[in-house]
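Asks: What follows is the residue order along each chain.
2 protein chains.
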Amino acid sequence: MGQHDHHEHHGDSLADAAQANLEKSGEKWTDTRAAIFDTLAGFSRPASAYDIAELVSTARGKRVAPNSVYRILDLFVANNLAMRVESANAYLANSHPGCEHDCIFLVCDTCGEATHVDDDSLSQQVRKVATAEGFKSIRPVIEVRGICQKCN
Amino acid sequence: MGQHDHHEHHGDSLADAAQANLEKSGEKWTDTRAAIFDTLAGFSRPASAYDIAELVSTARGKRVAPNSVYRILDLFVANNLAMRVESANAYLANSHPGCEHDCIFLVCDTCGEATHVDDDSLSQQVRKVATAEGFKSIRPVIEVRGICQKCN
DNA sequence: CGTGTTAAGATACAACATATCATTTTTGAA
DNA sequence: TTCAAAAATGATATGTTGTATCTTAACACG
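Respectively, the protein sequence lines represent chains A and B.
The working numbering puts the first residue of the first sequence at 8, with every later residue one more than the last.
The working numbering puts the first residue of the second sequence at 8, with every later residue one more than the last.
A hint or two may mislead.
When chains are identical, the list treats them as one kind, so a pair holds in a single copy or across two.
What the hints assert, rightly or not - Derived lysine-lysine pairs resembling DSS-like cross-links, with alpha carbons at most 27 Å apart:
| hint | residue 1 | residue 2 |
| --- | --- | --- |
| 1 | LYS35 | LYS69 |
| 2 | LYS143 | LYS69 |
| 3 | LYS157 | LYS135 |
| 4 | LYS143 | LYS157 |
| 5 | LYS135 | LYS69 |
| 6 | LYS69 | LYS157 |
| 7 | LYS157 | LYS35 |
| 8 | LYS35 | LYS143 |
| 9 | LYS31 | LYS135 |
| 10 | LYS31 | LYS157 |
| 11 | LYS35 | LYS135 |
Simulated from the structure, these hints should not be mistaken for lab results.
Model the full structure from these sequences, guided by the hints.
Replies: Shown next, in the form of structure tokens:
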């Protein structure tokens with residue numbers, strides 16, 4: 008189905024991979040960025056910028072303002088370390104940074120968990136539809152809201 | 008490509024069709040609902056609830072509170088008279104009420120215009136991916152952000 | 001009529017996001 | 001090494017989107 012193998016990272020390994028990717032783009036892996044990445048990666052469901060701000064502030068005993076979190080999340084998204092789930096106004100860490108994909112998010116309306124699937128053939132079709140309408144600089148947003156298996 | 012013909016409605020004809028559909032579900036076509044529908048249909052791009060509240064308030068010389076607008080928009084979405092564009096936090100009137108489709112929205116990041124495409128084969132594939140993951144009560148969100156032909 | 005139901009209004013607040021300017025930290029050249 | 005420029009973060013304010021709660025108004029029907 009157009010999928011391929013990924014290197015799924017976890018814990019420190021994931022943070023290391025994220026750091027490597029960010030630095031490869033000439034960006035710095037600062038303490039604040041590391042803390043925000045770790046916190047985001049620690050969530051099992053999409054986290055809002057305010058969720059992250061609160062947790063990071065507590066963890067570091069020092070306030071991190073929401074706007075700083077947004078700045079850093081934007082940087083992460085631009086560098087594929089994280090993705091934004093539009094229908095949830097929230098963010099997820101990318102568990103395989105380095106792989107560029109149009110993701111499909113499946114978001115459970117009951118428990119809030121989001122799983123993420125890659126199906127390149129599907130996303131290519133979406134891109135094709137948009138291209139046929141004359142769109143450029145295409146960024147597909149493919150999400151599914153519903154009730155997940157566990158909540159059924 | 009899995010599309011089919013639609014009855015595209017305009018102006019009064021569209022409002023009439025919307026009214027018919029809503030009443031078919033046992034809901035009433037009140038003055039407030041009519042005003043909100045007309046205002047929404049008058050927008051050429053996705054309109055926020057606050058946009059609508061402001062215009063309707065002016066048009067009727069009587070304040071309509073945002074929460075009332077949200078209530079009525081929710082009703083419209085539930086009855087397929089309108090759709091929510093998740094990536095824009097905004098709403099569009101459905102120009103062919105009665106047809107049940109999973110829509111694909113193409114939203115221009117420059118001018119804000121949104122065009123809407125139906126491709127049942129594509130949306131069926133999205134549903135299939137979610138079903139394969141054990142999801143139920145599926146509601147696909149398929150949108151594309153980009154730059155439209157006119158803005159290129 | 002009066003009474004129960006549905007629709008809409010008033011108000012307050014919660015949640016999400018950005019704009020602006022100040023401060024701190026880092027960097028790199030003199 | 002020190003100083004100036006640039007980059008990162010912080011403080012603060014405000015704008016935007018969305019919901020909760022309670023009240024009032026409109027309506028339907030015995």
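Asks: Among the hints numbered above, which are violated by the structure, and what are their numbers in rising order?
Replies: 2, 5, 6, 7, 8, 9, 10, 11
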